[in-house]
Structures are given as structure tokens and as C-alpha cells.
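Visitor: The primary structure of each chain is shown beneath.
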Amino acid sequence: MSANTTNSSKRRMDCDRVAREEILESYLGGRLSEEDRDAFEEHYFECARCFDELQTIQAIRGELRRAGAEGFEAKSTRPFFGWVPAAGLAAAVLLAVGVWLWMRPLSPSGPPEPTRSQPPSRAQLPEKPGPPGPEPTVTPEPSLDQLARVEPPPYEPVTLRGAPDAATARFQRGMEGYRNADYRGAVADLRAAAELDPDAAHILFFLGISHLMLGQDNAAIDRLRATIALGDSAYLEDAHLYLAKAFLGRKDFAAAETQLKKLIQLGGSSSGEARRLLRQVERLKKRSD
Amino acid sequence: LTLPPGSYGWHARCPTHPQQQSALAERIRSREPAAEEELVRLFSDRVMFLVLARTRDPEAARDVTQDVMLAVVRALREGHLREEERLAAFVYGTARNLINNYLRTRSRLPREDPIDAGLHLASMPDSVENSERVALVRRALGALDSTDRKILLLTLVEGLKPGEIAVRLGLTSEVVRTRKSRALKKTTERVKRLSRR
Numbered sequence: 037m038s039a040n041t042t043n044s045s046k047r048r049m050d051c052d053r054v055a056r057e058e059i060l061e062s063y064l065g066g067r068l069s070e071e072d073r074d075a076f077e078e079h080y081f082e083c084a085r086c087f088d089e090l091q092t093i094q095a096i097r098g099e100l101r102r103a104g105a106e107g108f109e110a111k112s113t114r115p116f117f118g119w120v121p122a123a124g125l126a127a128a129v130l131l132a133v134g135v136w137l138w139m140r141p142l143s144p145s146g147p148p149e150p151t152r153s154q155p156p157s158r159a160q161l162p163e164k165p166g167p168p169g170p171e172p173t174v175t176p177e178p179s180l181d182q183l184a185r186v187e188p189p190p191y192e193p194v195t196l197r198g199a200p201d202a203a204t205a206r207f208q209r210g211m212e213g214y215r216n217a218d219y220r221g222a223v224a225d226l227r228a229a230a231e232l233d234p235d236a237a238h239i240l241f242f243l244g245i246s247h248l249m250l251g252q253d254n255a256a257i258d259r260l261r262a263t264i265a266l267g268d269s270a271y272l273e274d275a276h277l278y279l280a281k282a283f284l285g286r287k288d289f290a291a292a293e294t295q296l297k298k299l300i301q302l303g304g305s306s307s308g309e310a311r312r313l314l315r316q317v318e319r320l321k322k323r324s325d
Numbered sequence: 013l014t015l016p017p018g019s020y021g022w023h024a025r026c027p028t029h030p031q032q033q034s035a036l037a038e039r040i041r042s043r044e045p046a047a048e049e050e051l052v053r054l055f056s057d058r059v060m061f062l063v064l065a066r067t068r069d070p071e072a073a074r075d076v077t078q079d080v081m082l083a084v085v086r087a088l089r090e091g092h093l094r095e096e097e098r099l100a101a102f103v104y105g106t107a108r109n110l111i112n113n114y115l116r117t118r119s120r121l122p123r124e125d126p127i128d129a130g131l132h133l134a135s136m137p138d139s140v141e142n143s144e145r146v147a148l149v150r151r152a153l154g155a156l157d158s159t160d161r162k163i164l165l166l167t168l169v170e171g172l173k174p175g176e177i178a179v180r181l182g183l184t185s186e187v188v189r190t191r192k193s194r195a196l197k198k199t200t201e202r203v204k205r206l207s208r209r
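First to last, the sequence lines map onto chains A and B.
Read in order, the letters of the first sequence are residues 37 to 325 in my numbering.
Read in order, the letters of the second sequence are residues 13 to 209 in my numbering.
Honestly, I wouldn't trust all of these hints.
Below, computed lysine-lysine pairings styled on BS3-like, alpha-carbon distance capped at 30 Å [what the hints assert, rightly or not]:
| id | chain 1 | residue 1 | chain 2 | residue 2 |
| --- | --- | --- | --- | --- |
| 1 | B | K198 | A | K297 |
| 2 | B | K198 | A | K322 |
| 3 | B | K173 | A | K298 |
| 4 | A | K322 | B | K197 |
| 5 | B | K197 | A | K297 |
Beyond 12 Å from chain A on every Cβ pair, some chain B residues (computed) [to be verified]:
| id | residue |
| --- | --- |
| 6 | R58 |
| 7 | L62 |
| 8 | A72 |
| 9 | R89 |
| 10 | E90 |
| 11 | R94 |
| 12 | A100 |
| 13 | L164 |
| 14 | E170 |
FYI, nobody ran anything at the bench for these hints, they're computed from the structure.
We treat Cβ as the ideally placed atom computed from N, Cα and C, and that holds for glycine.
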């Protein structure tokens, strides 16, 4: 998109001036004169670039206000949390803590292993770091089954105005099933949605997860690979992570390691988690050799 | 007039060139339904943003946006737009007029208030695109140095000047200014890059 100029106001407003005078921040902060405000508004009605940046900076403000400067730990930056309102996020955190308590290794001097119920399907959240201090040498390592378990990323529906298009309608219906753990129903609808919109990363990703929850590893791998093949999207990191889990489910250590290494290379918020999992996989592989 | 999903999409493009604007106006004058949908898709997110900026009222934003798009479509159908190549300016002018009408009926005029980030995000129409933008912003912010995030927070949310931030963080004003500009640029560019997939 080429730089635009809006000439109708007294002072010329164009993309260069917007950047040079930090007009976007001043507009959002209510610090522009009436004349400049009008000129900028007229400008962004014709300029895709400036309007896009305006929306992004507004989203940055919103996220900083919501989370504060310190609220961007690895878990909170996971893309699927973008779909989760505060209550859902709290539930996810509680679930993660619960699973960590269930999964954490026994310390020789620690409390007895808590009573637990078997989680459904292959549920397991990614490993949480243990408490600080030296690791006891007798700490039991997680088993392959434990490492391969997955917890479906939470999803909260969004409300759209007006009638959704066909792909969105099928996606919404599929995600209704997904939320109710009806993964079979979810697969049927999400597959239809993916046929209507084959380049939608969110559809492919949740379709892959649904297959994974049904234990349909091959289909899950195909869909997660397709999500990755779309390139850098909001679901890229998670697609690598869940793909690694799918390979672990098939006891394909090498393929799982490849996915985890790719995830680490991305250098995103999940790389620490990927490193931990990779170390565990490598130790597990040594033990099984 | 129903605003279809995706109306507020962040990939929505505006017809930059006068000929494109003129062609779209002409298609609407010819009663081409697809052209009306295109108009709504191209402009409704901008109108919504503008109404929120001026009124800070989410309910009003939805209603006024609807009214603006309806008024524009009616005017175009009737051929009331003389300079069809200035369609974007016409939409903006219509929006401004209807916003002013709305504000006149209200007792208070919050035009001097800054846009409330939380309010805005909470009130923007939900869509897959908006959710994805927020997710990408979160990811991009997560990749920043924590001091840079603090500088952005103090600048964008609390509205502090570089000198005030410098005192709080034990830096110089110049360093704050530079780091703020770089952090903002880095974040917006990362979001842009991620959004292209």
C-alpha cells in the first residue's frame, strides 16, 4: 500500500507526517488539536496502512492495560489464549496447576503423591517447572505416555454480527462440539469448514487438535502440518508443540525432537517449554535404548 | 442493513485511488448488492473506530455505525454523491455529521477524553480477525524486553512523558524516547509480519 496524502485539511496529513509526529499515539491519547484530529481521521479513512497501525497500537494499549508490563509470561502468550476471556484463562491456569501437581516428580523428602483421578483421553498440559533447588537424583522421569498426553487448548466462542459466512458457520458449530468434548462432531464440522476455507490456520489447528483428542494421530499430524505449512500464524508455535506430542504418541522420538527443535528455533514464548520437553524426550530415549 | 462478519476485519482495504472509489459508488448507484456489501466491508471498521473515538460509548458506536452505513448506501443509491471519486471522504463526512448529531443529544461531550484502551477493546465487535490481532499483539509484546514493555505501558496507558518515565526507571529521557520508538516499531512490525502468515 503506497503512502497516502489527504489534502483537504489546512495542514497536509500524510503517512510520513503520521510517523514523524507520532500522530497515532497522540490521536489515541486525545492529544491532537481538533484540526489535526480531523485531518488524521480523514486520512485513515483512505489509508489502509495507517489504519492498520492505529488498530494495532490500540490493541497494544489494551493488552498492556489488561496484563501490565509483567503479564506476558510464556503461558499467557500462547495464541489460543487469545480466544479465552478472563474466567476461561483462570480455569486454564487452575487446570494447569492441577495437572502439574498430578505430574510433578516425587521428591524423597516431599509429601506423598497426591491422590488423583486419571484425566480423560490423552490429557496433559505441557510440563511446568518444578520448585527451585537441586533435583534429587531419584526423581522419577515422566513416562512416554505422560509426555504424549495433551490437553485441548481452551476455546471461547466469539459473537459475530450478522450472518456468518459458510466456513465461519461450520467452524462455529464445530467449536461448539469441541467445547463440549464432542471431538467426533467437531471433526465433521471443522473438516467441512476447512474445505470451504482451506487456508484458515485457526480451522486447521483446531481440526488437528480434535483428531488428536480422538487418538487419530495420522489425521492430527496431517492437519497440524498443514497449519505449519501456512507459515507464520498465531497457531504456528502450538501446531509444532502439538505435532511433537502427536509424534510422541506414535513413539516417533526423532520426529518429535525435530518439531521441538523447530519450536525452539522460533524463539517465541513456547521455546522454554519446548526445551524442557526436548530434554525429557532425550532422556526417555536414552532410557529406552 | 446488516454488517456481515469480517466487516471489521483488519485486512480490510480501502479503495485508495479515486477511480476505485468512483467505480464502487457507481456500482452502488446501479443497485449492485455485492457493491453495497463491499462498501460495508471496506468502511464499517473505520466508522466504528471513529465513533468510539468520539463518543467512547460502545452501544452508540454500534448504532451510529449502522446508521452511517445505511445513510451512505441510501445516498449512493439515489446518486446524491456528486464527487464519486471522493467516496471515502463522503463516508467520513457522513460519519462525522451523525456523530455530532448524536453528541448534541447527549448532556456531556467527552471529546477531549483520550480513547480508553480497555473500553475500546471490550467494545469492538468480536471477530476472528480481532481475536487474532490481539493474540499476535500479545505474542509480540511477550518477545519484548520487560523494560521496553514498562516504557510502552507508561507511555501508552498512563500517558507519561519520557522525562517522567526516565525518573521512574532510572534512565535518561533520550534513552526512554529511543527505546519507546524502537519497541513500538518492533511490536507493530512483528504483528504485521505474523498477520501475513
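Visitor: Indicate, hint by hint, whether the structure satisfies it.
Guide: Right, here's what the structure says about each hint:
1. K198/B / K297/A: 25 Å, holds
2. K198/B / K322/A: 41 Å, violated
3. K173/B / K298/A: The given pair, whose Cα atoms are some 41 Å apart, is violated under the 30 Å limit.
4. K322/A / K197/B: 45 Å, violated
5. K197/B / K297/A: 28 Å, holds
6. R58: R58/B is in fact no farther than 12 Å from some Cβ atom of chain A, at 5 Å.
7. L62: The claim breaks: L62/B does not keep its Cβ more than 12 Å from every Cβ of chain A (closest is about 6 Å).
8. A72: 15 Å, holds
9. R89: Since the minimum Cβ distance to chain A is about 20 Å, R89/B lies beyond 12 Å and the statement holds.
10. E90: Since the minimum Cβ distance to chain A is about 22 Å, E90/B lies beyond 12 Å and the statement holds.
11. R94: With a cut-off of 12 Å, R94/B remains clear of chain A, as the shortest Cβ separation is near 15 Å.
12. A100: Contrary to the label, A100/B does not stay out of reach of chain A, its closest Cβ about 4 Å off (not over 12 Å).
13. L164: The claim breaks: L164/B does not keep its Cβ more than 12 Å from every Cβ of chain A (closest is about 6 Å).
14. E170: 9 Å, violated
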